[in-house]
Every structure is written in structure tokens, then in C-alpha cells.
Amino acid sequence: MSFFMANWVKQSIRLLKHELKRGELTIIVLAIALGVASVFSLAGFSGKIKQALLNESTSFIAADRVLQTSRKIALQDNITQPIALSRDAITHKSQQLNINQAQQVLMSSMVFAGDVMALVEIQAISSSYPLRGELLVNYSINANELTAANAPELGTVFIEEKLLSLLEVAIGDVIDIGESSFVIKAVAKQIPDASFSVFTSGVKVIINIADLDKTQLVQPGSRLTYKYLFSGDVDAIKALTAWLEPKLNDSQRWFDIQSKQSPLANALNKAEKYLSLASLLGIILAAVAVSVASRRYAQRHQSSVGVYKAMGASLSHIRKLYYLHWSLLSVFSITLGLLVGYILAQLGFYAIQDYLPVQLTMNSVNNSNFSGLITLGFYPLIMAVFTGLLCALAFAITPLQELIATSPLVVIRGVNLKPSNQKFRDRVGQFLIPLLALLLLLFVFSSDLMLSVSLLIGGVIVSTLLLVFGRLLMRLSRNIGSKAGASWHLALANLQRRAHANSVQLVSFTIAIKLLLMIIVLRGALLNEWQAQLPEQTPNVFLVNIAQSQVDHVEQFIEQQSIIASDIYAVIRGRLTAINSDKIAKEVSKEQTDGSDNGRKGVGRELNLTWREDLPKENNVVQGKWWQNDLIDANKPQVSIEQTLAKRLDIKLGDSLTFQLGSEVITVDVSSIREVNWQSMQPNFYMIFNPQVLADYPASYISSLYVSADKKVQLQNFLSAYPTISVIDVDVMIAQLRKVIEQVSKAVEFILVLVVFAGCLVLVAQVQASMEEREREIAILRTIGAKGALLRNSILLEFVALGAIAGLMASVAMELTVYLLQSYLFKMQTSFHFEYWLLGIVAGASFVGVVGLLSCWRLLNMSSVTLIRRTM
Amino acid sequence: MNLNSEIILKTQLLAKHVMLEDKQLTLLQDINLAVSTGETIAIVGSSGSGKTTLLSILAGLDLPSYGEVYLKNKPLHQLNEEQRSQVRADHVGFIFQQFLLISSLTALENVMLPAELANDDNAKQQALDLLAQVGLSERANHFPAQLSGGEQQRVAIARAFITKPDILFADEPTGNLDKYTSTHIADLLFDLNKQFGTTLVLVTHDLILAQRCQRRVEMQGGRLINKQHLDHTKSEQLNTDTKIIQAENV
Chain P
1 MSFFMANWVK QSIRLLKHEL KRGELTIIVL AIALGVASVF SLAGFSGKIK QALLNESTSF
61 IAADRVLQTS RKIALQDNIT QPIALSRDAI THKSQQLNIN QAQQVLMSSM VFAGDVMALV
121 EIQAISSSYP LRGELLVNYS INANELTAAN APELGTVFIE EKLLSLLEVA IGDVIDIGES
181 SFVIKAVAKQ IPDASFSVFT SGVKVIINIA DLDKTQLVQP GSRLTYKYLF SGDVDAIKAL
241 TAWLEPKLND SQRWFDIQSK QSPLANALNK AEKYLSLASL LGIILAAVAV SVASRRYAQR
301 HQSSVGVYKA MGASLSHIRK LYYLHWSLLS VFSITLGLLV GYILAQLGFY AIQDYLPVQL
361 TMNSVNNSNF SGLITLGFYP LIMAVFTGLL CALAFAITPL QELIATSPLV VIRGVNLKPS
421 NQKFRDRVGQ FLIPLLALLL LLFVFSSDLM LSVSLLIGGV IVSTLLLVFG RLLMRLSRNI
481 GSKAGASWHL ALANLQRRAH ANSVQLVSFT IAIKLLLMII VLRGALLNEW QAQLPEQTPN
541 VFLVNIAQSQ VDHVEQFIEQ QSIIASDIYA VIRGRLTAIN SDKIAKEVSK EQTDGSDNGR
601 KGVGRELNLT WREDLPKENN VVQGKWWQND LIDANKPQVS IEQTLAKRLD IKLGDSLTFQ
661 LGSEVITVDV SSIREVNWQS MQPNFYMIFN PQVLADYPAS YISSLYVSAD KKVQLQNFLS
721 AYPTISVIDV DVMIAQLRKV IEQVSKAVEF ILVLVVFAGC LVLVAQVQAS MEEREREIAI
781 LRTIGAKGAL LRNSILLEFV ALGAIAGLMA SVAMELTVYL LQSYLFKMQT SFHFEYWLLG
841 IVAGASFVGV VGLLSCWRLL NMSSVTLIRR TM
Chain L
1001 MNLNSEIILK TQLLAKHVML EDKQLTLLQD INLAVSTGET IAIVGSSGSG KTTLLSILAG
1061 LDLPSYGEVY LKNKPLHQLN EEQRSQVRAD HVGFIFQQFL LISSLTALEN VMLPAELAND
1121 DNAKQQALDL LAQVGLSERA NHFPAQLSGG EQQRVAIARA FITKPDILFA DEPTGNLDKY
1181 TSTHIADLLF DLNKQFGTTL VLVTHDLILA QRCQRRVEMQ GGRLINKQHL DHTKSEQLNT
1241 DTKIIQAENV
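Going down the list, the sequences are from chains P and L.
Under my numbering, the letters of the first sequence match residues 1 to 872, in that order.
Under my numbering, the letters of the second sequence match residues 1001 to 1250, in that order.
Fair warning: there could be bad hints in the mix.
[Claimed, not checked] Straight-line distance between alpha carbons at most 27 Å, and here's what the computed DSS-like set of lysine-lysine pairs gives:
| hint | chain 1 | residue 1 | chain 2 | residue 2 |
| --- | --- | --- | --- | --- |
| 1 | L | K1124 | P | K17 |
| 2 | P | K647 | P | K583 |
| 3 | P | K10 | L | K1124 |
| 4 | L | K1124 | P | K21 |
| 5 | P | K320 | L | K1194 |
| 6 | P | K10 | L | K1164 |
| 7 | P | K320 | L | K1179 |
Hints listed in this document are in silico derivations from the structure and should not be mistaken for laboratory results.
Note that the coordinates shown come from a computational prediction; the quantities given were computed from them, not determined experimentally.
Using the sequences and the hints, build the whole thing.
Following this line, the structure appears as C-alpha cells:
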């Protein structure tokens, strides 16, 4: 007999067809489909968003990854003196991986226009620069038109506008750099990887890297920074990283935008964590929905299996019949889920397309033959199908097995909803399989075992606590109910009587509400934090190189114009030469340090040092005392060090540090270690001394101000009198940052909607699961003469009470989880959210109440006879 | 007994105990019963007397705690679940008080089910014929929820006869129906039974229905009392539920 002729196949398909048509499988189909749909759309969507954000933000380093070093990497391996990394090898590997490359060399130098000279930052770039972002130039100072450019032609330069006035030149004039002359071709308006560091004070001059030799500026001992830029597919970049990282030495740095300590990297990292977490919670919710729905599926089919068995169907017949039935159901649901997920993701993209960077939308148009649809890629597809299969298998296997093992006696004795005399081993297995499956899902999705395990263990502990606590609350409410009206009395008595079923229901309600609250609260906290990072009037201008004699004038100007400004900080350049009696080792390459290294690790460059009476804003002393608080030793020479540097150099409280300031050497003790918010737009320092040490040294000064658009002219006028003061305008950067944060926020909101949907489905599935029993009860109550209004109210109130209790417990659990997540995962300030407690309770009560009532509505409106006939 | 002497169903010293909170509860004790092929027998008794428990053991749905039960010479008490399923597939038909139609299958598909399980290629035609016999040709494609109680039980009767079982077990087949429908269903049951020559084991506390059987046995406290004829004095000891029926009977 062929497969399709077999009776069990025919029966299975027939059963499925009818049940689907009659809506008996709606919830289970929706549960699996939603799991698949949310994974498909979340993975696809958040993947795309991440990629889009990264593409946008990588413009801040003009590449996806940068290899930075102070020494040029040799062209090729020298046989006699093998080196770890050669440029040829890098080029070869990059070509293999289809990765784009660019190069730049940075150095300080003097430029001349006739007799006038200025110290500038030379940026020599290769023709493919920038790989990400845009270099915008203006070919005519009068036109406002900006053009995207690559490297200037040979013999020409792009300069920053300020240099025009410094050198008293115009576009088209000639300037001398080293031994060579260049024509000023354009003014550079936006340089993608312009340094945020306020201490690189030089005005930028961009030349073609092929012109560098002509200038003869590169001499042995010149201080140069080489940057090798790379861009390409995420996977290709990963592969390159894996290949390159082990070959790097101490002087070579391999970084991407996220590894830089910038507000942007911070926002991106947190957004990414949030998106992953939200996706994980979406999966958990979908899994809970599947497990609830599959239990109900098994219960519903119990009497059918009993009938089959009474009619003499063999175990293998029933097994085949129901395994096929379930498999077909899963395939159908997964397909539906993929379809829904695809539509959801498209809708999501459509909703936020205005916020997406042009690059993504353009790529997607190319990908989809101009149909305007975005392809989601294979990874989300595979993940979604995997999720669907795992959910359908792991969460349904126990109920299915129980179903198949149904005794034919149910035709006589009636359906037994709770399998009795279960072996302990089976009971453990019943929980273990879904838990392991969930762990696997979480791990595959997050690739973070710790996070997955802690989410799971936390979940199990919380569920157990909730189970106990929920029963207590129900008992308590029963006592209250006995003093209330008839509807309340009946409602709360029902709640208590079905305590077991209800406490399971309560746990899933609670978990669903908790996860939803969590996602909402975290979203709010993240958005607030991002907003707080860049509040209105964030400093947008840095004034650098202010001479001692100019400090008063600057302060006057700030006061006159009522400009918001940070304090003015002194800057003294100095080199850390020894920690205690240990000399700092000279910068050495990795090969040389292997084996015998006696010197201590140092900073490897000059540091910007300052002195202060009081602790700057956004600085916190984490160890030791700030000198103002130290009455005994306040006048002793001392220094406060930033904590990450202290850790890197292994400097402890009380260590004595020796600095070389020009020709002078000073030695001071470390009296405090500080935590610094590097994200604040104000001058920040690794080393701050007390006034006794540095106050008498010659210094330049620095300040950050917020200059509104209408005061820009006044600032320009003021500065024209002081040409030596450098201005760093970070307006463009702040605007870009705001845009990225706006995109992230939109993405976060979209994900929130999806997770809320998943949560609602759990609630509906759970309410549906209790319908059969309720049907019987309503029949009995109707028969003994309970009025419609009484029944309606008691059902509504029972669900309302259930929802409210779940909401309350969810709020408490959410508060705990959010606290842990904020402090350990997101590393942000923790806070309490009592306003969301009310939301949890009210939303829980009203949603569960309404869904419960709606689900029972049909039953409530049936005649007693129909009801009795249905339930007998 | 005016029937051929071949015994289709036999029990010896059958007993059933269950444990209830560490106490042993005896549901059946010392049941000795023999049913001949083609015989119709009613098991009557008050609620809780053990009728249904006995039926489930006789039909191989449950196992006795002690004693022997043979159906078509097969020792049910020695067979496992799977083997007993096979015996049921080969020889047994059922009619239940709650009808127990599969709600997501149509009337026709419900009737076809046992024939399909027996790999009968002609299941559909036979089912249509039987539905016609029970007067439900027009409702063949209706689902159970669209049928009245009486109609559902007629579908269940058609389902019970489709495999031409050697023995039919009926558990309160009219228990959920009104008096008029009950009579109609009983007529149908006994007509078909006669037509197919099926042995019928009927559990009921409807004495009128019981009287239509050739033999009646009464269960009392888990034991069997033979009752060839149901006399008036004894009938008063039966379940109070049957009082109205008894009055009519007198």
C-alpha cells in the first residue's frame, strides 16, 4: 500500500483539514507561526538595522575596521628576518575575502605660504579613502555646494577653512609642505574620521598619499601614525579579524567603531544588546505559547484517541496518525509564520524607512530588482525554521506522548485532564526537554551561553516563586471575596478551587506581562540615557590652545554672551617615565617582549596633564580621597589617576609616579583613582594634579562651550582677534550622533510591538486552554439557575482578578530583573519604575479580563440545553 | 437458553480492586458469566454497582485484578493493551452513553472509521448504506455538533455495526435521550442486531430496554445476580431513577 493510500495517512490529513477549517487548531497554529514569524522578522529586521547602523556609524572611522600603528608595516616578508605581518600578506588576504582597503598617514608639520606659516596635521590618503562615510569638499569658497571627494589629485591639497585665514591664502593659491609645493584645490568641510580628541589641535591638510615621498617629511624618527582601513561584508571582516589579530604586536591597534570609547559606540552596543535581548524574550514568549497550546491540543484529542483505541486502533496506528497530524500542522504553521514574519519585517522597514541610512535602502532596491522589498537573507530564514521545528518538537513531545498513551478507558470513565501516577522520572523529563530546548534556542540565537543560562535559571526560579506566591495570593483573595458580592464571591471561589490550573495559568500570565514590562521599561531607560548623553545645549565647540594671557579674555567673552561653558582647564604636556622605582619600558614590539621583559608597560606617548582645585563634573573618586577632602595632606604633591589607565598600568593607590615635563622631572604619589564619564562633551583627563604641583608650569588652556547658531558669528568675530586659539566644531558630529540614536530608537520601538504581540498570544492561548473546563462549569451553573449577568460578571471578575494578580507579580519580578540587567548587562544607572507597576496591574487585569470574557462569550450566550449537550 | 451453545464471552471468578488513599476498594467480585453467540443480555443495577466496570473488562478496555475473561476464546486477562486492541478490532463494536463521535469528523467519516481501521476498502459505501438504514443519508456530511442527541446516537449505532462485529457492547445507549427518542434508538439497535446476528451486551438501568434482551443479570455491590425474569417485587429494589419506567411497566 502506498504511503498516501495508508489509512492512517488518510485519517490524519482528513482530521487536519477539518480541524483547520473549523478553527480548532487556530491557537496552536498561531503560537508556532508567531514564534517563527517573530524570529524571522526580528532576526531579519534587527540584523538589517544593526548593519544599517554600523554602516552609518562606521563613517566615523571611514571604514569598518582600522589597523593603526606608529610604524609602517613592511611590504613583504623578509626571508632572513621573518615578521608576523606584511602588507603583501594583508593585501593578499583582503583580496581573497573581497575586502576593500585604503591607507592614510598622519603627522604634524609646518606649512608655509610665502612668509606665513602654521602648524598643521597632514593627512595623506590613498585614492580609495574614505571606505565609509563621505569626504565633503567645497571647490569654491563662495558657493555652498558640497561635493563628495576621494584623495586630491597629485600636487593639490584640500585644507580646512581655518587655514585660509591663518595663512592668508585663497583657493587656487600655492602652499609649501616640506620640500614640495601644492595648489589648494578645495576646502574640506567634512572629514569622516576627523578626530574627536580635543587635543589634536592641528588644522587638517589633506594630500594624496602618493605625494608623501615628494615632501620628504618622512624621515627616520618622524612621529607618524599609519592607518590601514578595511571595509567589506560582516563575515569577511570577521574572517580578516580572526586571521589578523594573532599577528598583531603591541604597537598595532585593530579597532572598529564599537571598540572606540565614544557616545556612539556606547549607544550602538546597548542597542545591540537590547535588540538581542528583546528577540530572546520574543522567542521565550512564543515558546511558552506553543507549550500552552500543545497541552490544550493534547487534551482536546484525548477522547478521540480513546475512541480510536476502543475501536481497535493499534498503538502504532495512532502514533503514526498523530505524529503525521502534528508534523503537517507544524509545517503549515511554520510556513504561515515565515509568510507573516516576512510581511511584518517589510512593514517594519516601511515604517522606519525615512530613518534608515540611504545605503541600506539603495542596497535593498538592488537586491530585490527594484520592487522596493528588502531581502532578509538566509540566516533569519534558517533560524526561524529551526525555532519553529524545535518549538513544535520539544514543547509538544510530552503532551503528544501522553496523548498517544491515552487509555481506551477514557471512553467509559471520561477524559482525565491530569495524567495521574506519573513516574518522577517522566515528570522531570516533561520539564527538562522543553527547558533544554529553550536553552538551545537562546544559545543559538544569542551565542552567549552565560546570558542564556542565566535567563533560563532566572526564569525557572522566578516561575517557582511565582507558583507559590500566586497560590498564596489566590487564597488571600478568596478570604476577601467571601465578604464581597455574589459575583465576586463566585469569581474568587472559582479562582481558588482551580488553584492548580490557575497557578500554572497565572505563571504564564505573569511571565508574559513581566517580559512585556521589562522590554518597555528598558526601552524607556535606554532612550532616556541616550537623550541624557546629548541633552540640549551639549557643548558643540571646543576652544583649544588658549594662552595664559588669553584666559581672562575668553572668560569675559563667555560671560558677556551668556554662553554655557565648561571650566577652563590648563593643559601641560608630560611623559610618564617611572612608576615607583620601575622605569617605564620603551615601546617594544611583541616579538621582542616575548620572554624577557623587565621594564614596566607605559602609555607610550605624551599625556595631557592638568591641575584642579576641585573634582571636575562627571568624575567620581572610586579609591582614595580627593585633596579637598583630605585636610591633613591637602598641600602634599599628589595626582589623581583615571581608573582604566590605572588598571592598564597596574598603578595602585600610594604608588609614586615620575613625570618628565620638558626638562624637569617631578615625582608625586597617587592619592586617588577616578571614574570618568568619557561620554561627556567636556575636556577629560587621565591625570589630574593638585595645584601645588603644576600651577607654576607654563600651560595652554582648553574649554568646551555650547554656542547656539545665532551666537556663532560673535564667536567668529571674537576669535578673529585671537588667531592662535584653535576651534573644534563638533556640531556635525553631534547631529550625526542624534540621527543614529533616532534610528536605534525606532528599531527598538518596532521590536517592542512584536514582543507585545507575542505576549498577547500567550495570554490568549492560556485563556483558551481553560475553556473546556469552564464550559462544563457554566453548563452546571446555568442548569441550577444562575443568571446570565451573574455568570458573565463572575467570569469577568475571575479573569480580572487573575490578570491583576499576574500584573502585580509581574511588576515585582520585572523590577528585580531590570535591576539585574541594568547593572550587569547594560552597565547603566539602575532605577525604580513604580509607574509601570500600575501599568502592569491595570493592563494585566483589563487584557486578561477582556480576552477571558470574549473567549467565554459564545458559551455564555448558548442555551442551557446546547451547553449541556456539548459537555455531556 | 434457546441459543446455539457456542460461548463467545466467558468470565471466571472475575474481580477488580482499586487502591483509594491506601485503602483497597472492591469494585467487582466473583463474577462468573457466560454469553452465547447471538445472545442479547442486559446487565442492570443501580449506580455504583459495578456495571460499567464489568463492561470495560468484558470489552477488553480494562484488565481484571483477578480471574479470567475470554472473548472468542481469547484470554483477554493475559493480553496486553495492543493485543486487546486487535481483539476489539476483529470482534467488538461499541455504543456509548455520550455517543463519543469524533467532533472534527463528519457523520460519514465517523461511521467509516472502524472499517478503515480494519483496512476495509469498501468503507465509504458501507457507511453510506448504514447511514441510510439509520435514516441519516441527508446528514452524512454534517459534523456531530450539527446533529441532535438522537441523531448522534444513530450515527454511533451505524458506526458500531459497520465492521459486523461478533459482539456489541452498549453502555447506557439511551441514557442521554428523551423517552421518545430512546424508544426509536432501541428499535434501531435491536433491529440491526437481529439483522447482523450480533451478540449484544447491554448495560443499562432502563428496565424497558433491559426487558428487550433475552437475558438480564443484575449487579449488586460488585456481585452478579442472575435474573431470568424481572418480577415486580424485585424491581422496587432497583435504582430510584427507574421508578417512572417501572410504573409504566406494571
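Okay, the hints, checked on the actual structure:
1. K1124(L) / K17(P): The hint holds at about 18 Å.
2. K647(P) / K583(P): 18 Å, holds
3. K10(P) / K1124(L): 13 Å, holds
4. K1124(L) / K21(P): 22 Å, holds
5. K320(P) / K1194(L): 37 Å, violated
6. K10(P) / K1164(L): 22 Å, holds
7. K320(P) / K1179(L): 42 Å, violated
Violated hints, listed in ascending order, are 5, 7; each of the other numbered hints is respected by the structure.
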